[in-house]
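Student: The chain contents come next:
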Amino acid sequence: MLELIKQPWHWSVAGVLVGIMVPMLLILGNRHFGISANLRHVCAICLPGNISFFKYDWKKEIWNLFFAVGIIIGGFLATQFLHSPEPVKIAPALASSLAESGINDYSELMPAQLFNWDNLLTIKGLVFLVFGGFLVGFGTRYAGGCTSGHSISGLANLQWPSLVATIAFMVGGFISSNLILPFFLNL
Amino acid sequence: MSKVKKADAAPPPSTDFEVRSLDTQCVNASEQHDAPWWYNLKYLVAGALFGIVLVKSEVISWFRIQEMFRLQSFHMYGVIGMAVVVGIISIFLIKKLKVKTLAGEEINFQDKKFTKGQVYGGLIFGIGWAITGACPGPLFAQLGSGMTVIAVTILSAIAGTWVYGKFRERLPN
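Chains as they are written, first to last, in our numbering: chain L, 1 to 187; chain S, 1001 to 1173.
To be clear, the hints were calculated from the coordinates, so they are not data collected in a lab. Note that this is a predicted model, so its numbers are computed, not measured. Among the hints, erroneous ones may be present.
What the hints assert, rightly or not - Residues from chain L shown here face chain S by an in silico Cβ test under 10 Å; the list is partial:
1) MET1
2) LEU2
3) HIS10
4) LYS60
5) PRO85
6) ALA99
7) GLY102
8) THR122
9) ILE123
10) VAL164
Stated by the list, open to error - Restricting the straight-line Cα-Cα distance to at most 20 Å, the calculated cross-link-like pairs of lysine-lysine (PhoX-like) are:
11) S:LYS1116 to S:LYS1042
12) S:LYS1166 to S:LYS1098
13) L:LYS60 to L:LYS6
14) L:LYS60 to S:LYS1042
15) L:LYS59 to S:LYS1042
16) S:LYS1166 to L:LYS55
Beta carbons are placed, not taken as given, at the ideal position from N, Cα and C, and that holds for glycine.
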């Protein structure tokens, strides 16, 4: 059984388990599945400045921070106790296009050649770690939610603005992965 | 009954759908005001389960995200699609059967309003998602799984959110 759990999980299993988060949080305490708001709560706690957007009673939203800390713990537990020693399987087409940019280490879920401390102060590191993160934080808040808040919670409640947001996420991602990334990867 | 109670002098409506307390009052009043902090530990456990799923299904993998955006694998479409189907069925049943929370309170839903931010912000987030290979949930899971450098990405995302908050009145909405 443990051996089976250590294998990468099939999309159907993962999808059901992610989907169950929606009713689980609602039943646990009327909470709507969403994660990016945590970034806002951190701003509200640490550096609200004189910005009205960050002046709210963040203590009412503290459940969300518990949820985020839980995700960190879950990431630790899964990697520590359920780790599969196999290298990550990736699509041959992706492997060949990444190889042209020198990305050929599939031992981890993230390409170690991009995401490591030594890269941090290189142009590539600044793009992938700092610039990318900035866009994620800016964009999710501007859109009012991320993949969990819009694409899962919002769509599950049949909200058409969430469908608009989801389409925008995908269009942005298609442009970025296919047209922008090849340039960044070769910096 | 399922309508959310509004305060008499409601603050200007927030278009931020993840932070409902700004728009809604009296939601879970008992839990928000009386409950001790450890009442929130159940969300920590739920988050841990979610984190394990994110890692074991490889949703936190930068490679899986590239495959999704380059149409080279069905995996991510399967995960998100299945999650949406399960979510739709769950919410339908919760509304139909008037399921209550553990504390016996009514479960509230709020309609989302369209803003231009969903398009512009959505595009910006999508571009960032493909670069980092992670949306906010997976960023936390990556950090937990030992990729400590992702702390930089998370701090940068917090900075991005702060800059949005600073300039949001000047952005099209």
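Student: For every hint, state whether the structure bears it out.
Tutor: Against the structure, the hints come out as follows:
{"no.": "1", "hint": "MET1", "result": "violated, 14 Å"}
{"no.": "2", "hint": "LEU2", "result": "violated, 12 Å"}
{"no.": "3", "hint": "HIS10", "result": "holds, 8 Å"}
{"no.": "4", "hint": "LYS60", "result": "holds, 4 Å"}
{"no.": "5", "hint": "PRO85", "result": "violated, 14 Å"}
{"no.": "6", "hint": "ALA99", "result": "violated, 13 Å"}
{"no.": "7", "hint": "GLY102", "result": "violated, 15 Å"}
{"no.": "8", "hint": "THR122", "result": "violated, 12 Å"}
{"no.": "9", "hint": "ILE123", "result": "violated, 13 Å"}
{"no.": "10", "hint": "VAL164", "result": "holds, 5 Å"}
{"no.": "11", "hint": "S:LYS1116 to S:LYS1042", "result": "violated, 35 Å"}
{"no.": "12", "hint": "S:LYS1166 to S:LYS1098", "result": "violated, 40 Å"}
{"no.": "13", "hint": "L:LYS60 to L:LYS6", "result": "violated, 37 Å"}
{"no.": "14", "hint": "L:LYS60 to S:LYS1042", "result": "holds, 15 Å"}
{"no.": "15", "hint": "L:LYS59 to S:LYS1042", "result": "holds, 16 Å"}
{"no.": "16", "hint": "S:LYS1166 to L:LYS55", "result": "holds, 12 Å"}
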